[in-house]
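Undergrad: Residues per chain are reported as follows:
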Amino acid sequence: MNAIILSAVLGVVMMYTGIAMKNRPSVKYVAIAGVLLLIVANWLEFAGVSFFSIDVKGMLSFTSFGLLFNMVAFVSTLIYFLLSGSDVQQVGKNGADYFALMFFVLCGVSIVSSFQSLLMLFIGIEIISIPLYILAGSDKRNLKSNEASLKYFLMGSFSTGLMLMGITLLYGGTGTFYLSGMNLGGVVMTPLVGLGIVLMMISMAFKASAAPFHFWTPDVYDGSPTVFTSFMATIVKAAVFIAFLRLFENGFGKLQSTWQLMAAMITALTLIIGNVTAVFQQSVKRMLAYSSIAQAGFMMLAVFALNTMGKQGLLLYSAAYCLATIGLFAVLIKMKDYTFDGFNGLARHQPVLALTSTIFLLSLAGIPLTAGFFSKYYMLVAAMKTGQMFWLVIVGVVCAAISVYYYFRVIQSMYFKDAAVTPTVAVGSGFKALLLITAGMVILLGIKPGLLLNLMSI
Amino acid sequence: MSITEVLFWFLTALALLSALMVVFSRNPVHSVLWLIAVFFAISGHYIILNAQFLAIVNLIVYAGAIMVLFLFVIMLMNLNAETEPQKNRWLWWAGTIAGGSLMLVIIAALKDTETKTQMALVKGGDIGLIQNLGMVLFKDYVLPFEISSVLFLSAMVGAVVIGKKD
Amino acid sequence: MPINYYIFLAVALFSIGVIGVLTRRNAIIVFMCIELMLNAVNLLLVAFSKMHYANAVTFNPGTTTGAEAQLFVFFIMVVAAAEVSVGLAIIVMMYRNIHSVDINFLNRLKH
Amino acid sequence: MFAAFDNFPALLIWLPLIGGLLSFFITNERSVKSWSLLSSILTLALFAVSLFYTDQKHYALNSVSYVWLPEIGSSFALLLDGMSRILCLLTAVSFPLIFAATYSTSYKSPNAFYGLMLLTQCGLMGVFLSVDALAFYFFWELALIPAYFLVSQWGGEKRIQAAFKFFIYTFAGSLFLLIGIIYVYLKTPDQSFSLVSFYQVQLTAGEQGWLFWMFFVAFAIKMPIFPFHTWQPDAYEQSPTAVTMVLSGIMVKMGLFATLRWLIVMFPDAVRQFDNVVIGLSIVGMLYASCVALVQDDLKRLVAYSSIAHIGLMAASVFTLNLMSLQGLLVQMFNHGINIIGLWIVVFLIEKQTGIRKISHLGGLAQKAPALAIMLVVIALANIALPLTNAFVGEFMMFAGLYKFSPWYAAAAGLSIILSAVYTLNMIKNVFYGNLNAVTQGFKEILLHERIILAMIVVLIFFVGVYPEPLFNIIRSTSEMIIGKFIK
Amino acid sequence: MTKLTYLIPLFPLIGFLINGLGRRMVPKSVAGLIGSASVLASFILSVLVFMEVRVDGFTVQEVKLFSFIKTAGLDIPFAFQIDQLSSLFLLIITGVGFLIHVYSAAYMHEEEPQHYARYFAYLNLFVFSMLLLVLGANYVIMFIGWEGVGLCSYLLIGYWFKNGDYNHAAKKAFVMNRIGDLGFLLAVFWMIGQFGSTSFGVIFPKVGATAPAVLTGITLLLFVGATGKSAQIPLYTWLPDAMAGPTPVSALIHAATMVTAGIYMIARSNIMYTLAPVTPTVVAVIGLATALFAATIAIKQNDIKKVLAYSTVSQLGLMFLGLGVGAYTGAVFHVMTHAFFKALLFLGAGSVIHAMHHEQDIRNMGGLKKHLPITHLTFLIGCIAIAGIPPFSGFFSKDEILMGAFAHSPVLYFIGTFSALLTAFYMFRLYAMTFLGQFRGTQEQQHHVHESPAAMTVPLIVLALLAIVAGFVGVPEVFAKDAHWLEKFLAPVFAASTAKQGEHAISHSTEYALMGGTVLAILVVMIYALKKFGNFRKTAEPATGFARVLENKWYVDEIYDAVISRPLKGFSVFLNNVMERSVIDGVVNGTGKFIQYSSRQFRWLQSGQVGSYILIMVVATVVFFIIQIFGK
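Protein chains in written order, with this note's numbering: chain H, 1 to 458; chain B, 1 to 166; chain G, 1 to 111; chain L, 1 to 488; chain E, 1 to 632.
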């Protein structure tokens, strides 16, 4: 609860900050302070101290898992602000508003990480989506940005329609919006519920950009200003997956057998399309968009498996994926040219950037000693523990092998090809230090994932 | 056939017809007007179902506010029929068939299920009255009510950010 | 009224909305069709609410079963309103730039 | 997990690791060279010390298990038994040789080069020492990554593609290995990755069947045996020679070692089921590689293919599952490493002076550099297992074991003895004998330190060849243990 | 004394190390001295050993130095075995070896110091390996020597490594040997499997209880090894080419010692051969065939060394005939005598070549009799000895083999005799063309023709004497009862076999008749040859018909080349260019290509059209509905 209310308040605060101090650099620091506050508040709640005592009527429930995920999301946001805060302000005149919107998104994030009623899910998802439509289009003069925004908006609201239809059918079948109240599986599944589940899965898959509902992702990620792409592709995506898992675990867990095949199909499709399509990309930004689809495929495994291993894995995956991708985008923003060749000679001109991005890429590729390895490892174990649809694991592994191809193309450009001029704009030493710290976290989680996971058992 | 049923069929027919007109009329302005008609029909259904509050809100919010907004925008851009040249037939048919099959599949799935015998109570039941709804809303649903304010805030900020000249 | 009637009606409206989304190129019309879909959903929700109410009221006259669905409709309208404001803003922004609302002009981003 | 340094296995891993990390920060070329040489020599010295504590009562010094990931039942467990000892010996001996032999070459950004080399050494040590499946997998990859960077940063003109092929190919293989490991892990009674519980796990014949291939493909790619070898010639040809030495001398042993350590004991039924397939493959590979070697014109490719042929024999002898071939194999893993490193050093010295590796363009070097010629002849003949050289002992026993398994296999494999003689002598003839030409006219006798290094290798070759008993003493008990496990 | 056996091979090894490592330091004289001295030392030791062995009631001594390969179920010690057979070979090797070292010291004097030292290093290494071969107490040690001598012959044939053809010859020799060695190895593995050991002492007692089939297999495989080492059909072709090496090398390795390794090995494992049903016949037939075949080729050769080479092959064939028919003593006897007179002949040839400034074609010689008296005389003795004219050594040994053959089957005898006649013919052809008639060489050759220095002539003389008298160690008992000392001496070695063979004596009358006939025929042939080639004229017209075939050695090399080498090469090229590039590589790269291709295809889905995106979404939805509702 702390997080929800505080983030909403902080959103408002940022609005006024915008009015007060236009778009000065200091805006960034207010935002950073805000996130810190958020982290503290959330941590306190995690530790059992809740500022507000509101009767939520069972529409929300704050589990350690959800709160821990909020932690991950907020920390990622902090790093994101620290690394790319100034770039956020360079997108347009009203930087403060962008921060405000992002705080609203965080509010939505902390709602979907704790919802218990489909109504809250709906509202949470909308609170996440609407600001993103704006952020996608925030580079107003840029046609690509416009296009991204409109595409995102149209398809987003279409999927909202599907989701509402699903909710309605579920309601028709069960007579309630509460996940707890549905007591599915107790009775034989009715077509109403069945269709409802399908529609819910489809709309969630859409939000999580899982194939074949992923088509918006590359265009939107490619078109939006890179800073916001970074935000959308990491924190938001992870949040959607938490909601996804929560919905299907608490809501339809008992009916797993009836939808597992569908989940498996979506997972496999996502893995294959994401990885294979990424192979041929020419722009790193777009490649990262596809790679985010590919990663989504792996996260889907948690939904498919629906077991503790999967939950832990999803948490770890969110952390690993967010850290690596945010770092990578932070570097990408500094590049003059977003194509692969744009990275040529980075190692010579900016060794720190090259080193850290290498670590991030290795993590995304799931190489041992990086957090990426263990997140993939947990997912695979989770999938194998279910003891069925082993082919899915094989698909996953093959795709992981393919993913190496496009991740390492970047490494090749950075280290083994050379360019006369420095490929980046000037970067400060603080930025580098921060990148190093982030990379350090990635490696730390890669050596001892327990640091994060053991908190779950608290 | 009671008056209710007559009304029901009439409104249903109206809703479907004007919905189709929304999709197929060439001129955007006409589409808007047909959509308003759909809303009226639906409101009518609400009244039959004795959900008076929603019926009114539907008219006020949708037909009143939203559609007017649409109308403004369309007028603003003075889009008339010519602005949309005929798109390629193939996609048109594909879309129609896809949508149609969607409907068929859902109906086929739902036509004879546990709901077959169920009735939706018409003309009776006062949960749709504003007083009851208000009670429930501010007793049980206060939290989402509050939170939806965040939604509005963000929408507002968004509209401002997008709309502001710079 | 048998609930199936409402279901069929709602599904029909919903599908018409979908068809509209698929077949029209004018962003505004597409958006309107989405609104149509939402309304179908609303109608269905209300119908269901009354259905559940009908089931519940026989045992307990004072029940408020079904109210939550109507409130959900209310929230949907709220959200729809918010969406419309944002959506139209985006469309207008785009119109400012390319003087068209034809979604097929939006294909700079592909492959 | 970074607990006490009170035992050999841990030290053998930390020493190269620390050495490597340090050398990243030594930017002066001369000092980083000497540092890395020193570090590798320290490792060797440490290993030499460990040889005095091999007996049972110092077991604590040779085995260690740190808490690592209790939540998933994996611990950082290391063990220095006969099998790992012989391969650590190889690793420890090779690196000083390599560093010393290539001392004269100067690389761009040497600190990175030597750092990565030492990291590779760390990874290799880890692979040989770890007795925890997950740790094993970690090191398996850790050995691969630096190698990838080494090849594609400092290699020949087609280095990037070659290295990339090498990396993706082996990485894909190891992913299947990972699946296999996870599957077995889920089957273990105590949900643990430790070697012991892996050995205890009960699997149906069917499971063993496909798990066997999950594991074996990964190992086979690493060895590599026919037809998984396609990455190898390119990688060897393109790598800087120092790296080639590591790849061919030590890294290919990872596959064989892993097969011994993890595969055969875990899936006895599958091994019995597929032994003919694997041995058949290996033998086909031997003959295939030997034939291809006949027509190679590039020294590096020639050596690469001859290596494939020899590895084929080793792979085959793993699956004959009798004590003789097993012991022969363990000894041969060491000998082959030494010999092939010697060969690479010679190739390196030739290329250093002439700048070419084309056999057809060389000739008459024996007139200019008799010492080099003699060393080469000795090493090359050792490579084709002439008696009284080290390789003879190993190959003799492996052949004997193979014969025990099936005389026909032995006979078929024996053909490679002849072929190997043909291509080796061709190489000697065309490179060292005959008359000088424009390229070789200006060839000079090799330098003293190079001579000393080669001489050390030659001495090693003869010593082991005449008196292999010390090596047998190292591996005897372990090999008997493995076979014993298997028989029961 | 036998305890010190290890010193015998040690001395040459030391010599090798000194000469090899210090080849730049030691001056020529020293190098030669070390080389010869080391061999002399081991010769003296061998004599001492022999003295010990020859006393009656000497039992086999096994000297174990250290354990070489020791694994569960197999223990191969590094051990030597001293018995009559090995001691005899010790004498031959070290004795002849010493003489040839001395000879070489003079013969090679033109070489530069380091190459000179290298030469002696190789020579010592050879002696060392040869001694290992005959001393080894088990087949593995024997195999070590076996491959060792192969290596040395490779090194020495290619001694003048600048010459491509020589290198090729060296390579050929090594590879041919390796083919044989494979057979040997397989036999060893089989023995390991069968007897669980490789030691003579363990195996031979067990042989009696072994299945004949197994014995046949093992012995045949061993014989394959022998054909490689001792240049029998089909692996003989390397030996004539091996003449590329310096002449003393040919004398030592390719005449006196190494090539007889096969005979030694079979004699050593005689019991197995005796008990194996098929093998002896095979050995006899192959031996005889080789004897005849090589003899025919020798007739038309004009290179002095080539003639001798083919005669060696033929003589070896005769020895194998002896082994095949069970006349082990005879075979060993012939090895000994052959060692003397063939070494003599080669050294003589060397002396001629030396005098003629490396002219080897006998058509350009002739009339050297007066220029090289000693060489001429000794060479003549050699010819008589090899031709088998009593009382020279060749007669006795050859006669013993032939008698053995006759006892087995007359056919073998007559073919063998025929090859003996051919031998006489080409030897005296050689002699006549070289020494008789008038000089056919160039002018300045004629000027420089001179008798070789003492260091070369002395060994000739010594060998000549041996060639004359050596025969008397084995006088057949038709002439004198129990005069066959050698047989008695070797009896313990062959005891088991002789027990199995049983006696089939030939009546003295028949024996006399056969001997007489043979000797007579040989004399006739000899005179004919001397007459025919006594004053040979160079003729331009090339040989025709059958003679042509013989001149070209039955085109065997060409056949081998066409049947084995070329196809193998072609196959390898195919593998390298097609299999490797297209198939093995193609599959892997193909996978990558396929992924790239499908990636390019998938990208078209991403059309950028919202309409199509949503369309796909809707279709997918419908599909999922169907799966969900009607799926089950």
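Because the hints were derived from the structure by calculation, they are not lab data.
Fair warning: this is a prediction, and the values are worked out from it, not measured in the lab.
Do not rely on the hints blindly, as some may be mistaken.
[To be verified] DMTMM-like mimics (lysine to aspartate or glutamate), calculated; alpha carbons at most 20 Å apart, straight line:
id, chain 1, residue 1, chain 2, residue 2
1, L, Lys108, H, Asp418
2, L, Lys158, H, Asp341
3, E, Lys538, E, Asp557
4, L, Lys158, H, Asp418
5, H, Lys385, L, Asp275
6, H, Lys144, G, Asp102
7, B, Lys139, H, Asp418
8, H, Lys385, L, Glu71
9, G, Lys110, H, Asp337
10, L, Lys404, E, Glu580
11, E, Lys488, E, Glu111
12, L, Lys404, L, Asp297
13, E, Lys162, L, Glu445
14, E, Lys569, E, Glu551
15, H, Lys57, B, Asp140
16, L, Lys429, E, Asp482
17, L, Lys158, E, Asp585
18, E, Lys70, L, Glu157
19, E, Lys70, L, Asp275
20, H, Lys385, L, Glu207
21, L, Lys368, E, Asp585
22, E, Lys500, E, Glu558
23, H, Lys448, L, Glu480
24, E, Lys488, E, Asp75
25, H, Lys417, L, Glu157
26, L, Lys158, E, Glu580
[Unchecked claim] Using C-beta positions, here's what the derived DEER-type ranges look like:
id, chain 1, residue 1, chain 2, residue 2, range
27, G, Thr63, H, Lys254, 49 to 57 Å
28, G, Phe59, B, Ile130, 23 to 31 Å
29, L, Lys485, E, Ala491, 49 to 57 Å
30, L, Val67, H, Ser64, 22 to 30 Å
31, L, Val277, H, Lys254, 43 to 51 Å
32, E, Lys531, L, Phe462, 53 to 61 Å
33, H, Tyr29, G, Thr63, 50 to 58 Å
34, H, Val49, L, Tyr59, 36 to 44 Å
35, H, Ser429, L, Ile18, 48 to 56 Å
In this text, a Cβ means the ideal position worked out from N, Cα and C, and glycines have one as well.
Undergrad: Are the hints correct? Go through all of them and say.
TA: Taking the hints in turn, this is what the structure says about them:
Annotation: proposed proximity of L/Lys108 to H/Asp418 holds, straight-line Cα distance about 14 Å (limit 20 Å). Between the alpha carbons of L/Lys158 and H/Asp341 the distance comes to roughly 18 Å, so the proposed pair stays at or under 20 Å and holds. A threshold of 20 Å between alpha carbons decides the hint, and for E/Lys538 with E/Asp557 the separation of about 27 Å lies outside it, so the pair is violated. Distance hint between L/Lys158 and H/Asp418 is fulfilled; the C-alpha atoms sit about 15 Å from each other, no more than 20 Å.
In summary, the hint linking H/Lys385 to L/Asp275 is not supported, as the alpha carbons are separated by about 31 Å, beyond the 20 Å threshold. Using a Cα cut-off of 20 Å, the hinted pair H/Lys144 and G/Asp102 holds, with the two alpha carbons roughly 15 Å apart. A threshold of 20 Å between alpha carbons decides the hint, and for B/Lys139 with H/Asp418 the separation of about 67 Å lies outside it, so the pair is violated. At roughly 16 Å between alpha-carbon atoms, H/Lys385 and L/Glu71 fall within 20 Å of each other, so this suggested pair holds.
Distance hint between G/Lys110 and H/Asp337 is fulfilled; the C-alpha atoms sit about 19 Å from each other, no more than 20 Å. A hinted pair counts as satisfied when its Cα atoms are at most 20 Å apart, and L/Lys404 with E/Glu580 does not qualify at roughly 32 Å. Only pairs whose Cα atoms come within 20 Å are accepted, and E/Lys488 paired with E/Glu111 is rejected, the gap being roughly 46 Å. Our distance criterion of 20 Å between C-alpha atoms is broken by L/Lys404 and L/Asp297, whose separation comes to about 37 Å.
Distance restraint check for E/Lys162 and L/Glu445: the Cα-Cα separation of roughly 17 Å lies within the 20 Å cut-off, and the hinted pair is therefore satisfied. A C-alpha spacing of about 28 Å is found between E/Lys569 and E/Glu551, which places the hinted pair above 20 Å, so the restraint is violated. Note on H/Lys57 and B/Asp140: the hinted pairing holds, with a Cα-Cα distance of about 6 Å set against a maximum of 20 Å. For the suggested pair L/Lys429 and E/Asp482, the alpha carbons sit about 54 Å apart, so the restraint of at most 20 Å is broken.
A hinted pair counts as satisfied when its Cα atoms are at most 20 Å apart, and L/Lys158 with E/Asp585 qualifies at roughly 16 Å. With a C-alpha separation of about 48 Å, the suggested pair E/Lys70 and L/Glu157 falls outside the 20 Å cut-off, and the hint is violated. Between E/Lys70 and L/Asp275, the direct Cα distance comes to roughly 26 Å. Violation of the 20 Å bound is thereby established for this hinted pair. For the proposed pair H/Lys385 and L/Glu207, the alpha carbon gap of about 15 Å is at most 20 Å, so the pair holds.
Only pairs whose Cα atoms come within 20 Å are accepted, and L/Lys368 paired with E/Asp585 is rejected, the gap being roughly 39 Å. A hinted pair counts as satisfied when its Cα atoms are at most 20 Å apart, and E/Lys500 with E/Glu558 does not qualify at roughly 44 Å. About 37 Å separates the Cα atoms of H/Lys448 and L/Glu480, which puts this hinted pair outside 20 Å; it is violated. Restraint check: the Cα-Cα separation between E/Lys488 and E/Asp75 comes to about 34 Å, which exceeds 20 Å; the hinted pair is violated.
Of the supplied pair hints, the one linking H/Lys417 and L/Glu157 holds, its CA atoms being roughly 12 Å apart against a limit of 20 Å. The suggested pairing of L/Lys158 with E/Glu580 holds, with an alpha-carbon distance near 18 Å, which does not exceed 20 Å. For the pair G/Thr63 and H/Lys254, the beta carbons lie near 27 Å from each other, so the given range of 49 to 57 Å is not met. Here the CB-CB span from G/Phe59 to B/Ile130 is close to 25 Å, well matched to the stated 23 to 31 Å.
Distance hint check: the CB atoms of L/Lys485 and E/Ala491 are about 53 Å apart, consistent with the given range 49 to 57 Å. Look at L/Val67 against H/Ser64: about 24 Å separates their beta carbons, and that is inside 22 to 30 Å. For the pair L/Val277 and H/Lys254, the beta carbons lie near 46 Å from each other, so the given range of 43 to 51 Å is met. Hint check: E/Lys531 to L/Phe462, Cβ distance near 58 Å, so the stated range 53 to 61 Å holds.
Between H/Tyr29 and G/Thr63 the Cβ separation comes to about 54 Å, which falls inside the hinted range of 50 to 58 Å. For H/Val49 and L/Tyr59, the Cβ-Cβ distance of about 52 Å falls outside the hinted range of 36 to 44 Å, so the restraint is violated. In this structure the supplied range 48 to 56 Å is violated for H/Ser429 paired with L/Ile18, their Cβ-Cβ distance being about 27 Å.
Of the numbered hints stated above, those contradicted by the structure are hints 3, 5, 7, 10, 11, 12, 14, 16, 18, 19, 21, 22, 23, 24, 27, 34 and 35, listed in ascending order.
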